[in-house]
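S.K.: Residue numbers (this note's numbering), protein chains in the order written: chain A, 82 to 376; chain B, 7 to 324.
Be careful, since some hints might not be right.
[Claimed, not checked] Computed beta-carbon distance windows for the label pairs:
# : chain 1 : residue 1 : chain 2 : residue 2 : range
1 : A       : G283      : B       : G65       : 31 to 39 Å
2 : B       : R322      : A       : P196      : 58 to 66 Å
3 : A       : L103      : B       : A32       : 23 to 31 Å
4 : A       : R300      : B       : A190      : 38 to 46 Å
5 : B       : A248      : A       : D125      : 46 to 54 Å
6 : B       : G65       : A       : P210      : 29 to 37 Å
7 : B       : G291      : A       : P210      : 40 to 48 Å
8 : A       : P210      : B       : P241      : 25 to 33 Å
Hints were generated in silico from the structure; no laboratory data involved.
The model shown is predicted, which means the values in this text are computed figures rather than measured ones.
Quick reminder that beta carbons are idealized off the backbone N, C-alpha and C, glycines included.
Take a look at the letters that make up each chain.
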Amino acid sequence: MGKLQTQCAVVQAETRAQPMALRVEHVRAKANWMRRRLLRMIVDAGQGHPGGDLSATDIVASLYFDTLRIDPLSPNAPGRDRFVLSKGHCTGALYTALAGAGFFPEADLDTYLKPNSRLNGHPNRTYLPGVETNTGPLGHGLPVAVGIAVAGQIDAAGYRVFVVTGDGELQEGSMWEAAMFAGHRGLGNLTVIVDRNRLQQGARTEDTNALEPLVDKWRAFGWDVFEIDGHDVAALLTAFDDAALPRSRPRVLIANTVKGQGVSFMRDQASWHHGVPSAAQYAQAIAELEAEQAK
Amino acid sequence: MSAAAPAAGLHDCREAYVRAIAELAAEDDRIVAVVNDSVGSSKLGAFRDRFPTRLINVGIAEQNMVGVGAGLANGGKIPFVSGAACFLTARAMEQIKVDCAYSQANVKLCGISSGVAYGELGATHHSIEDIAWLRAIDKLTIIVPSDPWETAAAIKAAAAWDGPVFLRISRMPVPDIARTAGAAFVIGRAETLRSGDDVAIVATGTLVHRAIAAAEALAAEGVSARVINMATVAPIDTDALAAAAATGAIVTAEEGLATGGLGGAVAEYCARNHPVPMQMIGFPGFLPTGSADWLMENFGLTAHGIAAAARDVIARKR
Numbered sequence: 082m083g084k085l086q087t088q089c090a091v092v093q094a095e096t097r098a099q100p101m102a103l104r105v106e107h108v109r110a111k112a113n114w115m116r117r118r119l120l121r122m123i124v125d126a127g128q129g130h131p132g133g134d135l136s137a138t139d140i141v142a143s144l145y146f147d148t149l150r151i152d153p154l155s156p157n158a159p160g161r162d163r164f165v166l167s168k169g170h171c172t173g174a175l176y177t178a179l180a181g182a183g184f185f186p187e188a189d190l191d192t193y194l195k196p197n198s199r200l201n202g203h204p205n206r207t208y209l210p211g212v213e214t215n216t217g218p219l220g221h222g223l224p225v226a227v228g229i230a231v232a233g234q235i236d237a238a239g240y241r242v243f244v245v246t247g248d249g250e251l252q253e254g255s256m257w258e259a260a261m262f263a264g265h266r267g268l269g270n271l272t273v274i275v276d277r278n279r280l281q282q283g284a285r286t287e288d289t290n291a292l293e294p295l296v297d298k299w300r301a302f303g304w305d306v307f308e309i310d311g312h313d314v315a316a317l318l319t320a321f322d323d324a325a326l327p328r329s330r331p332r333v334l335i336a337n338t339v340k341g342q343g344v345s346f347m348r349d350q351a352s353w354h355h356g357v358p359s360a361a362q363y364a365q366a367i368a369e370l371e372a373e374q375a376k
Numbered sequence: 007m008s009a010a011a012p013a014a015g016l017h018d019c020r021e022a023y024v025r026a027i028a029e030l031a032a033e034d035d036r037i038v039a040v041v042n043d044s045v046g047s048s049k050l051g052a053f054r055d056r057f058p059t060r061l062i063n064v065g066i067a068e069q070n071m072v073g074v075g076a077g078l079a080n081g082g083k084i085p086f087v088s089g090a091a092c093f094l095t096a097r098a099m100e101q102i103k104v105d106c107a108y109s110q111a112n113v114k115l116c117g118i119s120s121g122v123a124y125g126e127l128g129a130t131h132h133s134i135e136d137i138a139w140l141r142a143i144d145k146l147t148i149i150v151p152s153d154p155w156e157t158a159a160a161i162k163a164a165a166a167w168d169g170p171v172f173l174r175i176s177r178m179p180v181p182d183i184a185r186t187a188g189a190a191f192v193i194g195r196a197e198t199l200r201s202g203d204d205v206a207i208v209a210t211g212t213l214v215h216r217a218i219a220a221a222e223a224l225a226a227e228g229v230s231a232r233v234i235n236m237a238t239v240a241p242i243d244t245d246a247l248a249a250a251a252a253t254g255a256i257v258t259a260e261e262g263l264a265t266g267g268l269g270g271a272v273a274e275y276c277a278r279n280h281p282v283p284m285q286m287i288g289f290p291g292f293l294p295t296g297s298a299d300w301l302m303e304n305f306g307l308t309a310h311g312i313a314a315a316a317r318d319v320i321a322r323k324r
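Taking the hints into account, I'd like the entire structure generated from these sequences.
M.R.: What follows is the structure, given as structure tokens:
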């Protein structure tokens, strides 16, 4: 633990010492790489959830390439920050971040969904270092993250817990059981980011089982609530920097995002919740992302 | 359901369970208790008073409770997650599967007041399906202690075991089981309480003392019955089952469904390896209103019922 905290502290100090513009540039480049890499992964596998992956990519990249105090050489170090992907189907965002951060070789991404791959369709901690808890069925990640945060609270440990949930996922009752308890416990070490892309598998959230007024709901459960542009990396990093501040209440960032962000024909389309680009669509998507990166 | 203290010579295993958890907690600050507004029924009030920061009451929210337990394990704790067995298992089945077993989280799930302890409250509150349900989940250890000594020993063994464990804790009054000096509880190893060649009675939990009484009644008739206490239902002790099958006839007995649970586990093993006539003592399904004692008596979960089943299987031996 000591070694890890020392290493991480050093990494973080170096990161923090940089001007925000450089940090943003670094994360944006990583996010762009993640988008290209996860699309290739999905095309190679012939399956995946590109829409939700792309809406969550900037959030996950900001965490893995700037915020989290983690060490891929010691993935279970007790003092590590925890990241829980509650929307467990968005493995494209998680696996590319873990590979990019050095938890496993990037070449393993080529095995995604292949027989005996460590890269299951949903994250599995017994297969893959860096995964904190197995998710996939919705409504599981937040309660587990709350338990981690309670352990940290009991121990007065310095680690922080970050959770990315889907917005459709908030239709699961277990999310609100956990939200209610986190508010009651005053879990200041817990930050939830709602990937508010307003689409679930089949339709718009507001046409299915409406979530609004979402800010009021979290606030009523005892949380500090912030709305944020989930694709504005500077805003995300600033919000995550604030997670280091002492708090007495859990915090939720309602991150307004676009499903399929970064690829024009996938943007805001429920049909890309899961789906595989054709060869032409893939070429177009990569060209768009490369053009974005070249800007 | 009676609030009265057990009769002389009988014990409520919850007392041993809370004592064991408190003893563990005094030695190891990783031990925490998680409850769903069940401090009273889990008898954890004294634990809360002694370790106030280590009693985590999530309220009436079983899915969150089991997820929180898995998270506490991630944070380095050894959580004992306790709630009425009927709700802990059924309400949180997917959390038990995904957050605990599939994630291999170091969580100890304690189903309190299991079986038909809440007799008059009806089938909603009976936890007779739990062994069958949980036995279908891979990598989940299931322990059903038979008396206070075994309850305490099982709690301590579970704390030392790296991985998810379900402990089925009874509130039905039970006597102490007579054991040889130096007996040790080992997860996955059955306890042969009585040797015998004519039939084997494989029992678990509150049926173990009844199985011994049945074997004594059979002995008076000249029938030699082997009695096996199968406290660990999963993973089951196949050596003990092979020895049971060698008698040529098996009776299983449990305070749960007659099929699917212990009976199902033994039948699966025997059908594949040593087919022998079997009888399964347990409940048929949703039960009528009645006290726990009445339900046990009425459905033959008694020494008399076990002995009758033994005579039946012996008559069917080939």
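S.K.: Taking the beta carbons of G65/B and P210/A, is their distance inside 29 to 37 Å?
M.R.: About 34 Å separates the Cβ atoms of G65/B and P210/A, which means 29 to 37 Å holds.
S.K.: Could you tell me whether the CB distance from G283/A to G65/B stays inside 31 to 39 Å?
M.R.: At 32 Å between Cβs, range holds.
S.K.: Honestly, do G291/B and P210/A meet the 40 to 48 Å range at C-beta?
M.R.: 45 Å, holds
S.K.: Please check whether P210/A and P241/B have a Cβ separation lying inside 25 to 33 Å.
M.R.: The hinted range 25 to 33 Å holds for P210/A and P241/B, with Cβ atoms some 27 Å apart.
S.K.: For the hint 23 to 31 Å, verify it against the beta carbon of L103/A and that of A32/B.
M.R.: 52 Å, violated
S.K.: Quick check on a hinted range of 38 to 46 Å for R300/A and A190/B, using CB atoms only.
M.R.: 55 Å, violated
S.K.: Given a hint of 58 to 66 Å, does the C-beta separation of R322/B and P196/A actually sit inside it?
M.R.: 46 Å, violated
S.K.: How does the Cβ-Cβ distance of A248/B and D125/A compare with 46 to 54 Å: does it lie in that range?
M.R.: At 48 Å between Cβs, range holds.
Taken one by one, the earlier hints fail for this structure at numbers 2, 3, 4, listed in ascending order.
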